[in-house]
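Residue numbers (our numbering), protein chains in the order written: chain A, 1 to 83; chain B, 1001 to 1509.
Warning: the hint list may mix true and false statements.
What the hints assert, rightly or not - Calculated cross-link-like contacts (lysine to any residue; reagent style SDA-like; alpha-carbon spacing at most 20 Å): (1) K34(A) <-> A1022(B); (2) K34(A) <-> V13(A); (3) K34(A) <-> G1129(B); (4) K1268(B) <-> Y48(A); (5) K1417(B) <-> A1454(B); (6) K26(A) <-> K1487(B); (7) K1268(B) <-> D3(A); (8) K1487(B) <-> F55(A); (9) K34(A) <-> K1268(B); (10) K1241(B) <-> D3(A); (11) K26(A) <-> D3(A); (12) K1487(B) <-> N15(A).
Keep in mind that the hints were calculated from the coordinates and are not lab data.
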Amino acid sequence: MSDIKSQVRTYIVDNFIMGSTGSQFKDGDSFMEKHIIDSTGFLELVTYLEETYNFVVADEEMVPENLDSLNAIDAYVSRKKAA
Amino acid sequence: MLLHQLFEQSVQRAPDKVALVADGRRHTYAELDAQATALAAVLQQRGLQRGDRVATFLDNGVEAVVSIYAALKCGAVFMPINPLTKQDKLAYMLNDARTSVLIAHAPLQSEFEGALAQNQSLHACLVVGSDDGLPPSDARCLPYSSSAGTASFEVPATIDQDLAGLIYTSGSTGDPKGVMLTHLNMVSAARSISSYLAMQPDDTVICVLPLAFDYGLYQVLMSFLVGATLVLERSFSFPVKVLETMAREKVTIFPGVPTVFSLLMNLKTLRDHPLPALRKITNTAAALSEEHIRQLRSIFPQTQLYSMYGLTECKRVTYLPPEQLDIRPTSVGRGMPNEEVWLVDAAGQRLPNGSTGELVIRGSNVMRGYWEKPAQTAERLKPGPIPGELILHSGDIFRTDDEGWLYFVARKDDIIKSRGEKVSPREVENVLYGMPGVLEAAVVGVPDPVLGEAVKAFVTLKAGVTLTEREVIKYCLSKLESFMAPKYVAFVAELPKTDTGKIKKTGLA
Chain A
1 MSDIKSQVRT YIVDNFIMGS TGSQFKDGDS FMEKHIIDST GFLELVTYLE ETYNFVVADE
61 EMVPENLDSL NAIDAYVSRK KAA
Chain B
1001 MLLHQLFEQS VQRAPDKVAL VADGRRHTYA ELDAQATALA AVLQQRGLQR GDRVATFLDN
1061 GVEAVVSIYA ALKCGAVFMP INPLTKQDKL AYMLNDARTS VLIAHAPLQS EFEGALAQNQ
1121 SLHACLVVGS DDGLPPSDAR CLPYSSSAGT ASFEVPATID QDLAGLIYTS GSTGDPKGVM
1181 LTHLNMVSAA RSISSYLAMQ PDDTVICVLP LAFDYGLYQV LMSFLVGATL VLERSFSFPV
1241 KVLETMAREK VTIFPGVPTV FSLLMNLKTL RDHPLPALRK ITNTAAALSE EHIRQLRSIF
1301 PQTQLYSMYG LTECKRVTYL PPEQLDIRPT SVGRGMPNEE VWLVDAAGQR LPNGSTGELV
1361 IRGSNVMRGY WEKPAQTAER LKPGPIPGEL ILHSGDIFRT DDEGWLYFVA RKDDIIKSRG
1421 EKVSPREVEN VLYGMPGVLE AAVVGVPDPV LGEAVKAFVT LKAGVTLTER EVIKYCLSKL
1481 ESFMAPKYVA FVAELPKTDT GKIKKTGLA
């Protein structure tokens, strides 16, 4: 697992909605569909990414393609860090 | 007139018009009606009868809409349940209402399977999106897609005094209460609101609110009443996506709650999305701050902004005509059409303008009561001016100005409003008392710029126990809808008490 994925997974497990089932979710699971993160939660996730990886998330980057699964976040953060 | 007949009239008038845009797909009035009738036939075949309860545990999407109208066509009572609900509370509601059918989304399986295990009233659970494998654990589960059958459908003898909806709401006692709404109640509310909003067939309404939240639900009911087009979004998690959809679909009406508008105004590039087609913004659930009102009007100068106030027990109470917004920006307005509202003192006597008292509501939109809770019903529904009629005591304190415009003052109970949703401190405290290591708990609301109020818990621990704030919050998240879980936890040595040993919340913040 990449560093980004494991770091963000830890953050999500520590901070977000785990329901009755515990913290099992797959890297490709949609946070929205699985109700892992809700609308105000995504805002907190963005702040976390900005602070942890030291870049600014532009409004138009706040889309499910960048943020709605661990795989998506991994690809997005890697791209931003390389830029 | 029955609630689904309002929809069926629009189907007759314009069968080929797009009624619903959801998940990138467009559905005409005729298509939706055919889907609802087909599902109704299947439900009837499975034994669903007039008056039975059909619960939906669904994210916003075409199935949530079709299920409501299918239940109504059967003469059944629809019961929309917030998909954030956890299994024990879901089981409580299904059992309390003795629900016959549950229609649920497959990704919510972990919650509804647990609830099914605690329930005997259900005879079918239709699972939406279960094509890649159905949960095998409960024989009552079957795929929703199998409901596209050809069973014949028999129109039941429903009248407008029959229940159409049962909507659970948080109460100060901790147990959710089912608000019983008849066809007459919901038709009346939908007609009054859509008339003061002057909704038209050429309107396109965007709904980002969950259909389990009554103002989300009414976007469906009212759009289909006037024959408009509804654009249904899963949520407001990705505001830029929603703004793009609004521009593409030329949305004319944007209903929201303060948290939605906070998330919107959080965008740095909001002014790059001008939305020239937008004509009306409506806000409910809690008051918008004057600053947010100012910003919204500056960004969308061509729109009319409606401040409104309501409660599930009668849907809508008041609205402020947009032209009054500059004159009395903090007022929630006056009663809506075909409804009378006034203030009463502690003895129930009507108060003149310029007073402060409890708001009461008289109208066809007032609920039938709380499901099987006669004592709590009697606290809210009390005799009105005409023999035999009942009026609704809102439990909210308002003041009126000299002209009778209403201003919210406070709630009589201790319910917290977070993200526009009602949070019962008692319900949160009950969960906290169930957490190993917790000795005592007291839950209050504290001001929050995005949420309106945030939930804050004061906790004392048993001797020798240490817990972190995160641990307490996570425990609550596993038991409660996310908007109910505390945002803050303060550990204290002891909680203030009254002389009789009851926890005293005044001063906790």
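Hints, one by one, checked against the model:
{"no.": "1", "hint": "K34(A) <-> A1022(B)", "result": "holds, 18 Å"}
{"no.": "2", "hint": "K34(A) <-> V13(A)", "result": "holds, 13 Å"}
{"no.": "3", "hint": "K34(A) <-> G1129(B)", "result": "holds, 13 Å"}
{"no.": "4", "hint": "K1268(B) <-> Y48(A)", "result": "holds, 18 Å"}
{"no.": "5", "hint": "K1417(B) <-> A1454(B)", "result": "holds, 8 Å"}
{"no.": "6", "hint": "K26(A) <-> K1487(B)", "result": "violated, 26 Å"}
{"no.": "7", "hint": "K1268(B) <-> D3(A)", "result": "violated, 30 Å"}
{"no.": "8", "hint": "K1487(B) <-> F55(A)", "result": "violated, 26 Å"}
{"no.": "9", "hint": "K34(A) <-> K1268(B)", "result": "violated, 28 Å"}
{"no.": "10", "hint": "K1241(B) <-> D3(A)", "result": "violated, 29 Å"}
{"no.": "11", "hint": "K26(A) <-> D3(A)", "result": "holds, 16 Å"}
{"no.": "12", "hint": "K1487(B) <-> N15(A)", "result": "holds, 10 Å"}
The earlier numbered hints that this structure contradicts are 6, 7, 8, 9, 10.
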